[in-house]
Structure formats: C-alpha cells, structure tokens
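Colleague: Dock chains S and B against chain Z, hints included.
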Amino acid sequence: MQRALKILGPTALALIVLDVIMGLWVTPPDEVQGDLVRLVYLHPALAWVALYVAFGLAALSSILYLWKRTRSMTFDRLAAASVEVGVVFTVLTLITGSIWGRPTWGVWWTWDARLTSTALLAVLFIGYLALRRVPADPEVRAKRCAVAALFAAVDVPIVHFSVVWWQTLHQGATVLNANLSPKIHGSMAWTLLLSFIAFTTLFAWMVLMRFKLEELTTEGEDAELAAAIDARQAEGVSS
Amino acid sequence: MWRDAWLVASRDLRIEARSRVALWQVLPFALLTLLLFAFALGPKPGLLAESAPGLFWLSVLFATVLAAQRSLAIEGTTATKDAARLLGLDPSGVFLGRLGALLLEIVALEAVLLAGVTLFFHVRVTSWAVLIPSLLLAAVGLCAANVLYGSLAGEARVRATLLPLLVLPAVAPVLIAGSKAFSSSVVAGDGGSGARWLGVLGVFAVVYSALGIVLYGPLEES
Amino acid sequence: MSYVVTGYVVALVVLALYAGSLVLRVRRAQRRKGRSES
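One line per chain: the protein sequences are Z, S and B, in this order. All residue numbers for the first sequence refer to this note's numbering, where the first residue is 722 and numbers rise by one. All residue numbers for the second sequence refer to this note's numbering, where the first residue is 429 and numbers rise by one. All residue numbers for the third sequence refer to this note's numbering, where the first residue is 13 and numbers rise by one.
Hints should not be assumed to be uniformly reliable.
[Stated by the list, open to error] Okay, the calculated beta carbon distance ranges per label pair: (1) S:F457 - Z:I918: 27 to 33 Å; (2) B:Q42 - Z:W830: 37 to 43 Å; (3) B:L24 - Z:R835: 21 to 27 Å; (4) B:Q42 - S:G470: 46 to 52 Å.
[As the list claims (entries may be wrong)] Computed footprint of chain S on chain Z, listed as stretches where at least three residues anywhere in the stretch have a Cβ under 8 Å from a Cβ of chain S: (5) 724-735; (6) 839-845.
Derived from the structure by calculation, the hints contain no laboratory data. Where a beta carbon is used, it is the ideal one built from N, C-alpha and C, also for glycine.
Just chain Z, same shape as in the assembly:
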C-alpha cells in the first residue's frame, strides 16, 4: 500500500495541475457559455467521483462486509474511508455547481433534479459519518454502518426517480433553460476526460490515506492497550 500511495499521490497532483492549466488556459471558450464552460473541467469530474466512485465503493464494501464469507474489517474501513472522502467531494460538487449556476441561471441555488438529489445524498453520507462516531464495539459499529450504507444505496434510485418526476412537473414554471452540459469537442473533450482521470486518481490516493489512518488508529489503540496491560502486569510482578 505504501508503494501505491507513493505513486498515486504525485500522479494525482500532476494530473490535476495539468487539468487546471488545460482548463483555464489552453482550451478555447465555448460559443454559448464563453469562459464559464471552463468549469466543466472541474464540476462533472467531482460529481462523478462523489456520486459513482465514492458511493459505489462504499456500498460495495459494505455489502462485502455484511456477507459472511467476505466479512473483514478491511471492508468496514474501506467503506468508512470512501464515505468520508465522498462527503468532501459531494460538498465540493454542490459548491462548484452553485458557483457555475449563479452566472448561468442567475441564482445560487435551484431545485434542479440533480442538485436536489445530490444535496440529499450529501445528507445521507453525513448521517453515515454521524453513526460512525457513535461509540460502540468495532464489529457492532461496522455492522450498523454497513447496513446504513446499504439502506442508502437502495434508497438512491428511489430518491432519484422521485426527485426527477417532482422537478419535471415544475419545469414549465421556471425560467431555467440553460443547461450545465455544453457541447464538447476537440481539446475540450480530451481535457474533460483528463479531469475525470485526475480526480479519480486523487480520490484513490485520499481513500487509501484515510484507510491507512483508520488502520493505524485501531492498531494504535490496540498497541496502547497492550502496553498498558504489560505495564500493569510488570507492577504486579515487582510488588
């Protein structure tokens, strides 16, 4: 894992720097959105990582934990790491989406189906993190969190359809026609792809780091406990 981290870290950094340079300078402005289109090399990648990569990994890890044949604390830690990094990316998705929306739509927020679903997903993720902080036996906590992640995963499609139908019924009343999805070609397309790869790489590094932190924390606690027990026993021998 050390080696993976050593490779992923600098790679992610390099790819993101490249993405920023391409996005802010090299690529041309859009015919419709002008310079605003440059946010397409940031926002969709963040959304992709948050909603599909992070959440998908969390759900998958949780299922693997719950299934007796593959149960292992590794999956619990992976799920927890995924969710925490996922929350960061989700919040950033909302913020960058909002910043893009303001000049495009004239408002900082709108009850667009995607924004709404993403906001709800953020709250579901945060609920998972809150549950994680409840003091409990590690295996109890792992089981509870895995189940919560599973509930959320199952809920997501239902939420998605509900919100889309809820939103489309209001379409007529709004003035929001400008889409956040411009037409993409040439260097723009390559940079877009680059952004996805760059942020996925960053996610991978962050999840591994967070996973490592989780591992070290539990091992650290075990080591401290063992040391304390040894110290106590040493006292008993000498007296």
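Modeller: Leaving out everything else, chains S and B in the frame of chain Z:
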C-alpha cells in the same frame, strides 16, 4: 414468523393501550405542528390550502419519528431483549410485529391529521381512490424505515438525535410522493399522475419491508 | 471568468486542505503507534 409478529404487535399495542403515549403525546404533537405551520405561513387561506399536502406529510413524518422513538424505547430495555431471545422469537417476526403496531398508530394519526388539514387548511378531497392507498402505502414505508433505522441508531440517548438525521433523508421519497399523491387527489381529474406516485410509495414500502425482514435479525444480534 | 477562477480556487483549496489533514493525521497516528510499541 407471522405468529411471532402477532405476538410482538399485540404486546406493543397493549402497552400503548395502557400508557396511551401515542394518544396523549404524539397525536397532540402532530396537531400542534399543523398550528405551527399556520403561524409560520400566515393565515392567508389560499396559501395554506396549496401547501396543505406537503404540510400534512411533514407532520406525519415528524410524528412518526417521535412514535418510533417511543416504540424503540419500550423494546430497547434489556429485559425485553432477553425475553425475546429466550422465547426464541423469529427476528423477522419481531420486525413485522413492531412494524404492524407502529403502522396502526400512524394510520390512526393520518386519519386525524387528514381531518385537521381538511378543517384548518380548507382542503377538499376529490379522489379518495388515490388518497387512501397513498396514506396506507406511505405509512408502511415510513414505519418500516423507522423501525430499521431505529435498531441501527444505538441506545436511547444517542438515538434521540441520531434517528431523525438517519431516517428523514431516507424517507424523502415518501414525503415527495405522498405530497404529490395528496395534491393530485385534491385537484379534480388528476388521477394519472397520482398513479405514478402510488408506484413510488409502493416500491418504497416493499423495499424497506423486505430489507427489514432480511436484516432485522443480523442487526439485533449485537 | 471570475466565477470560474473562484470555483477552481475553492475546490482546489478545500481538496488541498483535506489532503493535508490526512497526511498530518496519518503521521500523528504513526508516531503514536511507534511510541506505544517501543
């Protein structure tokens, strides 16, 4: 499984019959929220009538969490858990039983709230064929989610603040679909869209009940 | 363009801060573990 469900449900209901907490606390709370909504939005009759579907479901949602906390508090005592284990009760049955008891309370609550909303917010129902099923399906989904998340949320002190945070985002589809179904049963001739929302409520109810039947046992083992 | 720059800056700063916090927390955990094992 069904026998155990009946056992647990009747126990929960008997406790409620004796303590009357749902009757004297949860129900008044729900009616209170209607009052508070009116204070918040102002007495303009058009606005309240238009918001009524959403406000109705908000009241139901909050009251359900409250009722669920109560139900979980009863179940959570060590004595009850040991008794369940000693009796060899099927955990799926326990889940269904708790779901059933809570469901009865919530359906009764919905009926009273419906009367309240009709009276105070000047709502006139035109399509009962959409409204009644929506009330029932939504209640099943809500209660299933609450019993499930309730068993996740730990012991009472933590659960008091954690359960709302966990369960309310998860039941957002019920709020959306329920409100839409209610709206469509108040507007004449809008049965088409009502069916779609009943579908959402149905799927939610089935999914969460199924999850409960399968996962309640493993969850409670801790 | 200022919106674009703001967006990039906010996202990159937040990510950098989070990444930094991860690095620091991992290092601190490694030190703690090293101490109690020796």
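Colleague: Under the constraints set out in the numbered hints, which ones does this structure not fulfil?
Modeller: 1, 4 and 5
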